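Visitor: Now for the letters of each chain:
There are 4 protein chains.
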Amino acid sequence: MLDVAVPAEVAADLAAIGRFVAARGWVPATAGNFSRRIDAASVAVTRSGIDKGNIRPQDLIAVPLAGELPAGVSAETPLHVARYRRDAGVGAVLHVHTVAATVLSRADAAQGFVELDGFEMHKSLSGVTTHESTLRLPVFANDQDTARLAARIESALPAEPPVPGYLLAGHGLYAWGATMTDAQRHLEGLEFLLQCSLEERRLHR
Amino acid sequence: MLDVAVPAEVAADLAAIGRFVAARGWVPATAGNFSRRIDAASVAVTRSGIDKGNIRPQDLIAVPLAGELPAGVSAETPLHVARYRRDAGVGAVLHVHTVAATVLSRADAAQGFVELDGFEMHKSLSGVTTHESTLRLPVFANDQDTARLAARIESALPAEPPVPGYLLAGHGLYAWGATMTDAQRHLEGLEFLLQCSLEERRLHR
Amino acid sequence: MLDVAVPAEVAADLAAIGRFVAARGWVPATAGNFSRRIDAASVAVTRSGIDKGNIRPQDLIAVPLAGELPAGVSAETPLHVARYRRDAGVGAVLHVHTVAATVLSRADAAQGFVELDGFEMHKSLSGVTTHESTLRLPVFANDQDTARLAARIESALPAEPPVPGYLLAGHGLYAWGATMTDAQRHLEGLEFLLQCSLEERRLHR
Amino acid sequence: MLDVAVPAEVAADLAAIGRFVAARGWVPATAGNFSRRIDAASVAVTRSGIDKGNIRPQDLIAVPLAGELPAGVSAETPLHVARYRRDAGVGAVLHVHTVAATVLSRADAAQGFVELDGFEMHKSLSGVTTHESTLRLPVFANDQDTARLAARIESALPAEPPVPGYLLAGHGLYAWGATMTDAQRHLEGLEFLLQCSLEERRLHR
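So the protein sequences, as listed, match chains A, B, C and D.
Quick note: the first sequence uses the numbering used here, first residue 71, plus one each step.
Quick note: the second sequence uses the numbering used here, first residue 71, plus one each step.
Quick note: the third sequence uses the numbering used here, first residue 71, plus one each step.
Quick note: the fourth sequence uses the numbering used here, first residue 71, plus one each step.
These are calculated hints, taken from the structure and not from any lab test.
Fair warning: this is a prediction, and the values are worked out from it, not measured in the lab.
Some hints here could point you the wrong way.
Same chains, same label: a pair holds when it works inside one copy or across any pair of copies.
[As the list claims (entries may be wrong)] In the DMTMM-like style, the derived pairs of lysine to aspartate or glutamate whose C-alpha atoms are separated by at most 25 Å in a straight line are: (1) Lys193 <-> Asp178; (2) Lys193 <-> Asp252; (3) Lys193 <-> Asp121; (4) Lys193 <-> Asp213; (5) Lys193 <-> Asp157.
Use the sequences and the hints to build the structure in full.
Guide: Right, here's the structure in full:
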């Protein structure tokens, strides 16, 4: 295994997103995990079971994109690594557990996607320039074998996914972006859209 | 273009409203924008994509009310500028994205307004002195051409709108006031009324 | 009019409850008002329109319980004063605007009370020692003539109300207690009970 | 009665969980209580009526697991003590009052449990390794005689409960763990699951 240190700037970015997400209650019970690209060959991933509101440098592990995963990383590291391997333009991947994401991922699991239509917030997603659009946030069945799950997800996602995120049924939301700033904006935008969709279903049910 | 500096007092006011609104989660994913009048001829507007919880002087642009818009301002600047041009008494304009505003703006888009009836909170709006009143918060269809949208809104609004705000369908809430304090009170009052209306629809549906 | 100063301890108590309540979003748009007894003859009341999260000594007015109200006090001061006049054991009165209180006060206005049955949280109210009880939180019709409203409320309330609070329809929640600590506990307990009741109505509707 | 001091480390643990829980609004109106094991023979329990967001050493009482309860402890201390007596592996017990726990405990009181099925968050509970599981969170009828209630609960719980928590109907949630960290993770995980279940019932009702 490559022994790569996590650069201070990468650690600072991950600590900042951790504080943001923890303050919103999106990572209850030590759930959730975050990663950021270090360079073309490696990424930094949060360790399992850490306090997401206070991520210290020792809570991160540098993971080579080629070869075996080091010990101690989050069990969901294969889902992160698969995104970076698939797309050299991915700079950060974020995974959270929110009530809206969990509930809608189960409601729409059979359909395979949550449909979002006509929201101005669509424009929070890189490349979307108008609310006059219909977005489909994919929903994948959950699987404790995360290597197998990662392979299934990547084979289903197109090379350039129109929506920079997906749901795992009964589990939570993944979002990514070219930079941590983009990934955070996508995460916030998708979570807002899911909250709106959940409210509309309650109202019009 | 006029080269107007943003006075420190104006910048402080905009930074304060940014902290307030960001803390409530009303500007997810860098959404939303704020402005304050500098003088009869110009206003300060937030730049696009900034962190609303930490608005620095360089995040603001002075915009002349006559002539072309400078580069870098929020795409929704025409909606702000139109309010100041129309009414010399408008001192601040605030735009946020909340779940209640987004959901109700879509639910009542065809009707063209959200009706609010009999709430004590009506009195948070300047000029309203009793709960024994029926308010109509206008809802306008969204449009990515914000100059065209601004013209449509201003031609629909009376010279002295009874409610100091409107909704854009699927987009969010605009509110204004003679001062930043008034605009904030109107924003909070309207958002509270929308939350109550959303709850009542759930309950009595 | 008596010229009574507000003792520092009384001002500190009111500033503390203001911070608590503002942080929860229970006083949007400068709504709400608070008071605390100074002595047998006077109480301190918040001025109208102040920032409830930052109550300074100059934001308070000492109000004599006998005679005319001084200028500048909240329009709802008669409701506070009436409670202190009626019951020498009342030490603090708190009024907030929450979504649950507003919505349920309208839903149950015709019935004249919100019924609460079997909650452990009943025990947060002084004198209630078991969950095996049914509480009725009175709902009064709102009135902009607050002197007339106060007289109507006090004529309806028994000398020793079983529940230390009431709702004004479409307006909000009042709660009181022998001390500020008691009044805060009653406010929190009643608001929690209203939130539970609102959820149960949604669920079982 | 044994006169045991509360070690500083135990007091620090209880102060930290108090801040966490109070910030989330899970202990309104001085409700809720927390305990941590000191050693094989004694535990530290919060006193009645204290500010849970600011637990000081003097707000704790060391309680011997054998013999009579000291004066001043929370009325629900027998429920805590019974857990420690029953299972030497229990290191901390937490009790909170949340809206979701209160509402679901009443909705499912007759059935005697809240059923949770297929959530990834199941894995926040020690010993649960997959979402492909069905959990039953027990619901017990509330009782002001907490010694009698504790006996009833312990006779119903198996020696090794599959879920480290239970609900009291109309009252709230209890959760425990081998350490304070485990107990907190169980508390957060169960509360998240209850929130998801409440949302799903609203949606699919």
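Visitor: Compare the structure with each hint and give your call.
Guide: Evaluated hints:
Within a single copy, lysine 193 and aspartate 178 get their C-alpha atoms as close as 23 Å, and across copies as close as 22 Å, so both meet the 25 Å cut-off. In this homomeric assembly, lysine 193 and aspartate 252 come within 25 Å of each other (Cα to Cα) only inside a single copy, at 12 Å, whereas the closest approach across copies is 30 Å. With identical chains, the CA atoms of lysine 193 and aspartate 121 are at most 25 Å apart between copies only, with a shortest distance of 17 Å across copies and 32 Å within one. Taking the shortest Cα distances, lysine 193 and aspartate 213 sit within 25 Å of each other only across copies (13 Å), while inside one copy they are farther apart (31 Å).
In this homomeric assembly, lysine 193 and aspartate 157 come within 25 Å of each other (Cα to Cα) only inside a single copy, at 22 Å, whereas the closest approach across copies is 30 Å.
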